[in-house]
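One-letter residues, chain by chain:
There are 4 protein chains.
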Amino acid sequence: MTAKVAILGASGYTGAELVRLLATHQGIEIAALSADRKAGMAMADVFPFLRHLDLPKLQKIDEIDFSGIDLCFCALPHATTQQVVAALPRTLKIVDLSADFRLRDPAEYERWYGQPHTAIDLQKEAVYGLTEFYRDEIRAARLVAGTGCNAATGQYALRPLISKGCIDLDDILIDLKAGVSGAGRSLKENLLHAELSGGTHSYSAGGKHRHLGEFDQEFSALAGRPVRVRFTPHLLPMNRGILATVYVRGNPAEVHETLATAYRDEVFLKVLPFGALPSTRDIAGSNFCHIGVIGDRVPGHATVIAVLDNLTKGSSGQAIQNANLMLGLPETEGLMLAPVFP
Amino acid sequence: MTAKVAILGASGYTGAELVRLLATHQGIEIAALSADRKAGMAMADVFPFLRHLDLPKLQKIDEIDFSGIDLCFCALPHATTQQVVAALPRTLKIVDLSADFRLRDPAEYERWYGQPHTAIDLQKEAVYGLTEFYRDEIRAARLVAGTGCNAATGQYALRPLISKGCIDLDDILIDLKAGVSGAGRSLKENLLHAELSGGTHSYSAGGKHRHLGEFDQEFSALAGRPVRVRFTPHLLPMNRGILATVYVRGNPAEVHETLATAYRDEVFLKVLPFGALPSTRDIAGSNFCHIGVIGDRVPGHATVIAVLDNLTKGSSGQAIQNANLMLGLPETEGLMLAPVFP
Amino acid sequence: MTAKVAILGASGYTGAELVRLLATHQGIEIAALSADRKAGMAMADVFPFLRHLDLPKLQKIDEIDFSGIDLCFCALPHATTQQVVAALPRTLKIVDLSADFRLRDPAEYERWYGQPHTAIDLQKEAVYGLTEFYRDEIRAARLVAGTGCNAATGQYALRPLISKGCIDLDDILIDLKAGVSGAGRSLKENLLHAELSGGTHSYSAGGKHRHLGEFDQEFSALAGRPVRVRFTPHLLPMNRGILATVYVRGNPAEVHETLATAYRDEVFLKVLPFGALPSTRDIAGSNFCHIGVIGDRVPGHATVIAVLDNLTKGSSGQAIQNANLMLGLPETEGLMLAPVFP
Amino acid sequence: MTAKVAILGASGYTGAELVRLLATHQGIEIAALSADRKAGMAMADVFPFLRHLDLPKLQKIDEIDFSGIDLCFCALPHATTQQVVAALPRTLKIVDLSADFRLRDPAEYERWYGQPHTAIDLQKEAVYGLTEFYRDEIRAARLVAGTGCNAATGQYALRPLISKGCIDLDDILIDLKAGVSGAGRSLKENLLHAELSGGTHSYSAGGKHRHLGEFDQEFSALAGRPVRVRFTPHLLPMNRGILATVYVRGNPAEVHETLATAYRDEVFLKVLPFGALPSTRDIAGSNFCHIGVIGDRVPGHATVIAVLDNLTKGSSGQAIQNANLMLGLPETEGLMLAPVFP
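Sequences listed follow chains A, B, C and D, in order.
Numbering of the first sequence is given in my numbering, commencing with residue 57 and proceeding in unit increments.
Numbering of the second sequence is given in my numbering, commencing with residue 57 and proceeding in unit increments.
Numbering of the third sequence is given in my numbering, commencing with residue 57 and proceeding in unit increments.
Numbering of the fourth sequence is given in my numbering, commencing with residue 57 and proceeding in unit increments.
Some hints here could point you the wrong way.
Identical copies carry no separate label here, and so any pair may be met within one copy or between two of them.
Claimed, not checked - Straight-line distance between alpha carbons at most 25 Å, and here's what the computed PhoX-like set of lysine-lysine pairs gives:
(1) 149 - 220
(2) 113 - 244
(3) 244 - 264
(4) 244 - 94
(5) 180 - 244
(6) 60 - 264
(7) 113 - 220
(8) 220 - 180
(9) 60 - 149
(10) 116 - 60
Keep in mind that the hints were calculated from the coordinates and are not lab data.
Based on the provided sequences and hints, a complete structural model is requested.
This is the structure we're talking about:
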C-alpha cells in the first residue's frame, strides 16, 4: 500500500526534485501538484525532463481535494508558506521545505526574515527536520520544517563536535561554496549563465545570511550557551552542490574520531579517512553527505569539509527522508540513487 | 533470484555508469569488477562517488572466477576487446560496449578501425545492440555489440523514416553536438576544462567519424541499397548528452507521424508534439531519448532532432537494457531513473 | 585629436563591450553614456569590470548634450531604436547595433519584426554594416546598421561563394551554434545558469529566426535572384562565440580557394588551410573570424565552418570597425586585441 | 625603439598569456620563442588563438641566438628553470615565472620543492617580483622571480595589514578559490572537463601548498618575526581567476582604511568601498586586482576578499609589469586591457 502525497509549489527546483526522487519511490504516490501561476499546465510543460511520468496536472492549491492525501510537501516561498499551511486540514502530515518553521523563536524569525510570524502556534509545533538528529521527534511529528541547505551542511560538520565539547565554541568559521540551484528559479541578472559562469564571488558575507538563524538556534541549544559562528557563503559556477570548509580549534584526530563515531551507523553520512578531502562531484544528484577532516600545520587547528547536494540531501531528499519516517516507511526508501558522475 | 555480472573495464566512464545504474537494479548483482592498471584498488578509490556501495575490489581480468557469473559487461577499448572476449568462457553471456563487434563486415571494420579483426567468428555471432530494433535477436543472443553513442542517436532519428521510404535517401545530413564524456577518460589537451569549457568546435568532419560505419551498415540494410549520410560531429562544453540535428527531404508531417507511430509503444523513446524542440537537459542521466520534428520554411524539408545521454541510452543504459532481455528480466528494470535537472 | 562618441544603451552587453574595446582605442573618447532605467548610476556600479576607467555617468538620452559629439553608438532594443535615432541631430554620425535599419524593405522589416517601421526614410538611408563588403558606402555613411551576429557569421562563410556562383544556391544549410551573450541581459528562465549550463537545444528552428531576413536580403542581392537558405540555430552553454557549420553543394577545393582569395587581404578574416577546423575558443574576446573548409566523403559537398565572437566581430567590434571608417581613423584601431585563451 | 624579448616555455598557458599581452604592447617585440618538445612548430599550430600574429617559430632553447635580445621571460617548470637560467648569458635580463627563485632560503626551497637548489647564487641574486612592493629593487634587478599566483593574491590582501600591525599575526586564515588554468596544461584526470566542471573540492589543505613558502618568507620579513598563516585552496570549475577570502582579527574599518591608503596610487590595485564584495568576473583577462573588506557580526573580525586573474596579474601580466620597470618603459604599458565580461 502506498501513501498519497501532494506537492505544493511544484514549479520550482525543489518541487521538481521531489518529483524526480519520488519517480522511483516504492511507497509514495503523487496525488496532486500545485503551482498557482502555472495552474492548468502539465508538469511536463513546466519541466520537460519529467515527461516520461504520468503526473497529475498542476492546480491551484485551493482546487486540491486533500481528502485521501496522507502527506503534503510544501515547497513554497517563506511567508506565503505560513499562510498556506495554516489553512491546510489539521489531519494532513506536512513536510515544509521553506524557512517558515525552522526557527522556534518568533523574535529570531522576525529578525532574520524581516517580518513577524503569523502562525506562531504552527511554528511551535514544528519539528526541525535535520533527520539524523531529530529522528524520534520527526517520526511522531505532524509538521516538519526542512532545514536550510547551507544550514544542513554546516551542522553535519559541526554538531557532534559541539555536543562532545571537543572544539572551541568561540572560534568556528564556515567558509561555504554553493551551487546556483540553491537560489531557486529566480530571474536575477547575476544568476544568468552569461554572468555566473566562469567566476565566483561571496555574498551575504559578514554575518548577514539567514541560515545563521538556524546555526545560532541549533548550536546554542547543543552547547547550552550562545554560540555565534562566522559564516561566509560564496556562489560558484555549478548547479548542484555545497562544500563547507569549516575551521575549528581542536585536536584534529579527536575531531575526526568524534565525527566518525557519531555517523558510524548513518547510511547517508560518510566520514572519509583522516586527511581525505571530499568533492561535491561525488554526491551530486544523491542524498549522500561526505565529510573529511584534516589537521592544519598550525597546531590545534582542524578543518572539516562537508559536501552535499543542496537540492537532495539539503532539501528535497531530506524532505523525503523525513516523510518516510512520518509515514512509517523505511527511512532510505527512494533515496539510494547513486550520485551522477561525470 | 538475481543474476550475477562482471564488469570488465570498470575504471572508465561507461564502466562507472554501469555500476551507477546497477546500484538500484533489483535483478542484477555485481560479482566482479576488472581494471587492469588499477587492479587491487577499491572502486571507491577510483570513483569516490560510488563510495556508498559495497562492491568487489578491482581485479585483473585473468584473476576473475567466471564460474557463477551469468553475464559479462565488457567496457574495454576496441581491439583489446576482441582478444579479451575471445578468451572468455563460451558459457558466458556478453554485452560489449566497445566498437569491436558492431560492424558485421570485416572489411568495414578494418577500414574504419585501421586494423584487421582478429575474432571474425565472434564478429559474425554478435547481435547489434540497438534494443528497440533488435529485440528478438538480443533476447536469444550470447554476444551483443552495443552501438556507438552517436550512431544510436542518429538511428533513432532516422530508421523508421528509411524503413518507410518517406525521405530522400541521397540527401541525409546529421549535424551532431556531443558532450565530452563520450571521449572517455582520455588525457588529451583539448579535453581539459581550461581548453574545452566556453567554446565549441567540430571534429572528424567530412566523413571521417568511425560511427559512419554503423550508419552505413544499418541504413543500407534497411534501405536495401547503399545509403551514405553526411555527418559532422561537434564537441560541446557539457559532460553528458548528444543532440543530433538531422536534415532530411520529405514531408514534415509524414516524418513526424512515421516516428510517432514507430515509437508509440516504446518506453524510452519519446516523440514530442510536432514543432516542439528537445533539449539534452531533459534526458541527462537517464535512459530516455526525446525526438522532435519540425518543418522548414523551404518546402519539402524536415528537421528531426534527437537527444539522448551518451553514457546512458547511448552506452551503459542501453547495455543494461540488452542484458535485461538476455537474462529474462523486465526490459526497463533499473532504467526508470528520472533525468537530473537542473 | 580624438573623436568624441556617445553610447546609447550602455547597460547591456553590447554597450559594455563597446566600452571595453574603446578603453584602449587611441582615437576615440567616450563623452556620454546612456541607460534610461539606470540613469544617474556610475558605469562601474552597473558593470564593475569597468571600474578602472574614468567614464561619464549614465544619463537619460534626452539629458545628453550632443553638441561636440561626433558619433553615436546606439545599442538599444529594436523598435525603440528607430524612435530614438529619428530624434537625434542630423549632424551626428550613427552606428546602430539594433535590428532596426538592417532590412531595406519595410515589408520585410514588418514581416520579421512584427510591426511596421516608423522611420522609413532612415531605413533607406542606412548602410548595411558588414564592413568588408560595404567599406566604401560605410566610409561615406551617416547611419550604419550593424548586422545581426548570426547573420554576420553566415555571410562571412557564404558571400564570396554566392558572388562567384560556385555553389548550388538552392541547397544551402546553416546549422549554427551560439553562445548565450547573444541573447543579451534578458531575464528568462532558460538563460539562467542552472538551466542553460550543461546542455544544448535548438531554437527558432525551421525558418523562424529573424536573422533570416538579412540572409534573404543580402544573398538574393548578390545572386540577382531569390536565395532562401535553411537555418537552425542552437544555444550552447558558453558565453561568447558563434560557430556556423554551413553545408553547400560545390567543389570543396574551389570553395576553399574562393574564400581564401576573397579574404586574402582582410586583417580580421582568416581562412584556415583546407581541412583545418576552427574553434570558437580561438577568437573569443577578439574581432577575428576564422573560417575552415572541408570536403565531404559524399562527392560534390563542402562544409564551411566560420567562427566569431558575437559581442565583438558580430556586434560591438564590428561597430567600432565601422566607426573607424566613418571617422577617418585606421580601420583596425582598437581592434587588434588578441583573443583570450584559455 | 622597442626592446627585444625571448619567451622560454611558450607552449604553456603563461607563455601564451605573455604573447597575448605583448601583442598590443608598444615597447616590446617578441624576437624568439622556445618550446623544446614542440620546436619547429609555428606558435599558431600550438595556440591557434594567436594565429593573427606574426611570430617567430618555436625553437629549442639552445638554438636561440640571445645576442640582440634584451630580456628573457622564462615560463618553464621549476627545477628545469634553475638549470636553464644558469646557462643563459649574464648580460640578459630575466623575468622568471617559475617557483625557482622565489624563496631566498635554500633550506626553505628544498623543504617545499623536495630537492636541493642547484643555482644558489642566482637564488640570492633574484628579486621577488611582487611589483608594488619591490619596485625599486625590480628596476635595478637583472633577475626577477615572479610570485606564485595564490601567493600574490594573499599578499595583496595582507601585506599592508601586517606592516601596519593592525591585525593579529597569529590568527590569519586564507580560504582560496582558484580557477583551473593555474594548474597549467597538465594532463591529469581531475583537470578534464568531464571531471572538473560542475563541482568543487579543496586540495593541498592543512598547510601543504607550496605557496605557503612565499607567505612565510614575506609575512615574517614584514612582521620581523615568524608568521604562519593557515591556507586552504579550492579548485573551482572556472578557467581564470582567484578569489582569496582572508579572515583576520582586527578592526574592520581600520583594515579597510589601511588597504585603501596603501593602494591609493596603485593603478592595478583597486580597494572597493567598505562592505562591497569583489568578483573574479570583474578582473578576468586583466591585470587588475579588486579588494573588498567587510566586518563580521562577531566583533573584532574582518574579512578581506581579493580577486585577480592568475594568468595575468598573478603571473604573465605581473611579469610584463616587472619587465617594463627593468626596461625603463612605462610600468603600465601593454597592461591596461579591460577585463572581459561576460
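Taking the hints in turn, this is what the structure says about them:
1. For the identical chains of this complex, residue 149 and residue 220 are neighbours neither inside a copy (34 Å) nor across copies (54 Å), given an alpha-carbon limit of 25 Å.
2. For the identical chains of this complex, residue 113 and residue 244 are inter-copy neighbours only, at 23 Å across copies versus 28 Å inside a copy, given an alpha-carbon limit of 25 Å.
3. In this assembly of identical chains, residue 244 and residue 264 lie within 25 Å of each other by CA distance solely inside one copy; the values are 19 Å within and 28 Å between copies.
4. Taking the shortest Cα distances, residue 244 and residue 94 sit within 25 Å of each other both inside one copy (20 Å) and across copies (16 Å).
5. In this homomeric assembly, residue 180 and residue 244 never come within 25 Å of each other (Cα to Cα): the closest approach is 34 Å inside a single copy and 39 Å across copies.
6. In this assembly of identical chains, the alpha carbons of residue 60 and residue 264 never lie at most 25 Å apart, being 39 Å within a copy and 44 Å across copies at closest.
7. When the C-alpha separation of residue 113 and residue 220 is checked against a cutoff of 25 Å, the pair qualifies neither within a copy, at 49 Å, nor between copies, at 36 Å.
8. Taking the shortest alpha-carbon separations for residue 220 and residue 180, neither the intra-copy value of 27 Å nor the inter-copy value of 51 Å comes in at or below 25 Å.
9. Taking the closest pair of Cα atoms, residue 60 and residue 149 come within 25 Å of each other only inside a single copy of the chain (11 Å); across copies the shortest separation is 42 Å, beyond that limit.
10. Within a single copy, residue 116 and residue 60 get their C-alpha atoms as close as 18 Å, which meets the 25 Å cut-off; across copies the closest is 48 Å, which misses it.
Against the hints set out earlier in the document, violations occur for numbers 1, 5, 6, 7, 8.
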